[in-house]
Amino acid sequence: MRKSNQLRVAVYALIAVHAVMLLGGFIAPYDYAVQNREYSFVPPTRIHVIDRLGHFHIHPFIYELRYDSPEDIEEGEQVYPLRFLIWGAEYKLAGLLPGRIHLFGVDEPARIFLLGTDQYGRDQLSRLLRGGQISLLAGLMAAAMSIGIGLLFGMVAGYYGRLADEAVMRLAEVFMVLPWLYLLLAVKGFLPLNLGPTRGFLLVTLVIGLVGWARPARLIRGIVLTAKERNYVIAARGFGASDLYIFRRHILPQTMAVVLTQATLLVTTYSLSEMTLSFLGLGVNEPVPSWGNMLASLQQYHVLTSYWWMFAPAFPAILVFWGYYTVANSLQEPTQ
Amino acid sequence: MTQFRVCRFSRTRFLIVPIAASLIAVTALLAITARAQADGELLTTNAEIGRAGGGLIVAQRIEPKTLNPVMALDIPSREVIWRMMADLVHINRQSQQTEPALAKAWKISSDGRRYTLTLRRGIRFSDGHPFDADDVVFSFQVYMDAKVGSPQRDLLLPGGKPIVVHKIDPYTVEFQLPQPYGPAERLFDSIAMLPRHILETNYKEGTFPETWQLNSRPEQIVGLGPFRLKEYVPGARVVLERNPYYWKSDRAGERLPYLERITFLFVGTDDAQVMRFQAGETDTINRISPDNYSALVKSQNGKYRLNDLGPGLEYNFIFFNLNDLNQKFPQISGKQAWFRDLNFRRAVSSAIDRPGIVRLVYGGRGTPLWEPVTPGNKLWLNSAVPKPPRNLDHARDLLKNAGFSWAQDGGLLAPGGERVAFSIMVAAGNASRVAMATIIQEDLRGLGIRIDIVPLEFRVMLDRVTQTFEYEAAIMGIASGDVDLNSDVNVWLSTGSTHLWHLHEVHPATAWEAEIDRLAQEQLISTQFKERKQLFDRIQELIADNLPIICLATPNILVAAKANLGNFRPAILEPYTLWNVEEFFWR
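Chains as they are written, first to last, in numbering that gives the first Met the number 0: chain A, 0 to 335; chain B, 0 to 586.
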């Protein structure tokens, strides 16, 4: 009973996080790349309902920030009410639909930074939402890629056996021992100079996905090996069914459980891979955020010790990872 | 005890006392003179008199690569080596003036081509072997030998011809220069005097460049500096011990250094250096990043002293690849038409928010730059060089005049119609230069230029800048070794080894580069400060006007030491803190 509750919470959390990330551009108040150079490392903006004179406001408001020096930024006198569905910077919803309406914001020249700002005065919340799209999409795409390749190679190896099996499985072993971090370092050295952020992202995803096909391939091969000896498969073959038909009709459904568990596990692993690479400066490049390169600023001692809001991307990441692992666990249980 | 003894003096004995006392005094005087002769002609420093004893622990980011002073190029190596070595004439890092070192005096002939140096008598290397003119002649021979390939060799070849070094007597050496030399006796600074008795065989066998590595036996590494090698533990530390033969003394006649040893710990990162210092594990910290400095200011508890020395000599800049690519990298050479266009470079310079860089990258502890000489160099700075603030309209006008236009979406189009986008290469490990690139990326977006930042490992980057030329633009920094601008002349000369934007020019590629070449040659042979200053002023103007490098900002030199470290007098010249380590003592 408790387990199923946990699963329900995990699924809801995953749906929520993905939905929020999908609507990122709409929820984010600003463009993720715009620098507000006077507001470097500003802590999260406080939303008030009671002003300094003790008056209660029905409409929540913020105080504008007053800039004196890099170390002296505080709330000024001027009050700016929080506005909803406000016109702002252009974005593309889910990467497709252009839009300019933002969920919330404040009037110029005030700024609202619900999760504070980074070194360049960029809004952390806007970056976190955009970064989430990148990190999660990288995980999903890379997982789809390596499951796809794994399925293909696993089926071929398991079903045809002999030479095909030997060749595919030895190749898989080569891929499994590849030190992918160093591989990526090496790849980085040969990249063209003008690799835009999008292509850079795709390349990272491609490398992560390509390198990881071996594990699912081996698992799927094992299942195919047992499945093809089943009587109904032999019977189908005896009736003259084509290989493609047998794959689609009898073998593929058998692999589904493993594919699903693997997928949920791989999405998290690969999201984490992308974060690791970006954290080390090998992934997505500035100014495009990812949870990894946002957390990278914590490598600097003063950021680590002085600006707690820079930890923000870690929380949705933990939530997502917990969600996927919980789902993967419960998927695995019935098969055990 | 004392009182008891006084009571025991009898009347008869009373007479003997003055005689005995004077005898003792004479003997003592003789002994002191004898000791002075045995000690040699020590240099007496003016620093506060301290107490002997104790050790100093300093953190370093990485290990030295070598302990050979002739071959060392990198700062970590030089930092350790120069605690063990000494030069003939030394530039005082604080006053920035020359002062006697191993040479107690020098004369320069009226034509500026002959230098006669008088050496201190009776001083010894750290192994006790005496030092004399033969060692000087040997040292210069090694430094100037093309086969040895010292990075400092160029400096000893004014006008391309070597200096002729003559021994006149064991304590007098004459240097014949092929032409007058502008910076004069500054020439001798940082040329380490080597022990001929140890190194001559290696030199003759041709193995000199490989001698004095980290794994050499400590007693093999012999110098004239305040300390000598004690042990090296790979990956962990280098320990130096006090050199008992050092040639400086304090005003009380005590031989320096006061400290018994220096330990250099290798800690890997700048942040680790700060953490170690904050934890009290290290005693001084040489170069703190502005962010870490702010963190230290916040946690200041009276146990340490923080010094903001103001702008140093480091200048950070962005430059474009103007090399002749000869059909290599067609993508890059296609963009060189823009890079070579002065209007384009001026537009880029005009679009850059330099005060923003100082604020965001250096937390305000820095100075924006429009020329390659920083305000830290008070003697040589040309303050007349204009410092135009960021002006996007002006930048757009410049681009318009050069035939650029804008697409519907605001993107900049080159005269040929293609979109203007280029990459900026930057050392991945250098957080402040990566931050500069990120700021410039956003600044140039305002002109419709798309920038890709390419962070690369430093050596890979250096290889691309100096060997393969596979880059479009890059951000780098140069920290001048001396205030005299001649130390940077290799950057300005079209044939210079660090003429980064266009290496190996056979002829000056542009009229202004030809003019810089002429001015740089003139200053080299002029011995008048006023004349040299005018020549360098003009060079600064030419650089600021033609922008082969677009200067960005310079960080302040920030250092710290434990509060009870005596004679700690940091300076803006390298090595910032340890330059007078022989005078350091614990209160």
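Note that these hints are calculated values from the structure, not bench results. Idealized CB from N, CA, C, for every residue including glycine. A couple of the hints might just be wrong.
[Stated by the list, open to error] With beta-carbon atoms standing in for the labels, derived distance ranges: (1) B/His196 - A/Val176: 24 to 32 Å; (2) B/Arg152 - A/Leu190: 52 to 60 Å; (3) A/Lys91 - B/Arg152: 33 to 41 Å; (4) A/Leu205 - B/Leu72: 52 to 60 Å; (5) B/Pro387 - A/Val10: 28 to 36 Å; (6) A/Arg169 - B/Asp462: 32 to 40 Å; (7) B/Arg152 - A/Trp179: 52 to 60 Å; (8) B/Leu391 - A/Leu92: 54 to 62 Å; (9) A/Ser305 - B/Lys146: 48 to 56 Å; (10) A/Lys91 - B/Asp462: 47 to 55 Å; (11) B/Asp323 - A/Glu74: 36 to 44 Å.
[What the hints assert, rightly or not] Partner residues aside, some chain B positions facing chain A, computed with beta carbon under 8 Å: (12) Leu156; (13) Ala235; (14) Thr467; (15) Glu471.
Each hint, compared with the structure:
1. Range check, B/His196 to A/Val176: Cβ separation about 55 Å, and the 24 to 32 Å hint is violated.
2. For the pair B/Arg152 and A/Leu190, the beta carbons lie near 37 Å from each other, so the given range of 52 to 60 Å is not met.
3. A hinted range of 33 to 41 Å is violated for the C-beta pair A/Lys91 and B/Arg152, which are about 59 Å apart.
4. Take A/Leu205 and B/Leu72: their Cβ atoms lie about 40 Å apart, and the range 52 to 60 Å is violated.
5. The hinted range of 28 to 36 Å is not satisfied by B/Pro387 and A/Val10, whose Cβ atoms lie roughly 59 Å apart.
6. Our hint of 32 to 40 Å for A/Arg169 and B/Asp462 holds, since their Cβ atoms are close to 37 Å apart.
7. Remark: the range hint 52 to 60 Å for B/Arg152 to A/Trp179 is contradicted by a beta-carbon distance near 45 Å.
8. Between B/Leu391 and A/Leu92 the C-beta distance comes to about 31 Å, which lies outside the given range of 54 to 62 Å.
9. The hint said 48 to 56 Å for the Cβ distance between A/Ser305 and B/Lys146, and at roughly 53 Å that hint holds.
10. Restraint check, A/Lys91 to B/Asp462: a C-beta distance of roughly 39 Å breaks the suggested window 47 to 55 Å.
11. Between B/Asp323 and A/Glu74, the C-beta spacing of about 57 Å breaks the proposed range 36 to 44 Å.
12. Interface hint at B/Leu156: violated, since its Cβ lies 36 Å from the closest Cβ of chain A, which is beyond the 8 Å cut-off.
13. With a least beta-carbon distance of about 21 Å to chain A, the hint placing B/Ala235 at the interface is violated under the 8 Å criterion.
14. At a threshold of 8 Å, the smallest CB-CB gap from B/Thr467 to chain A is about 12 Å, leaving the interface hint violated.
15. Annotation: interface hint on B/Glu471 holds; nearest CB of chain A at approximately 6 Å, less than 8 Å.
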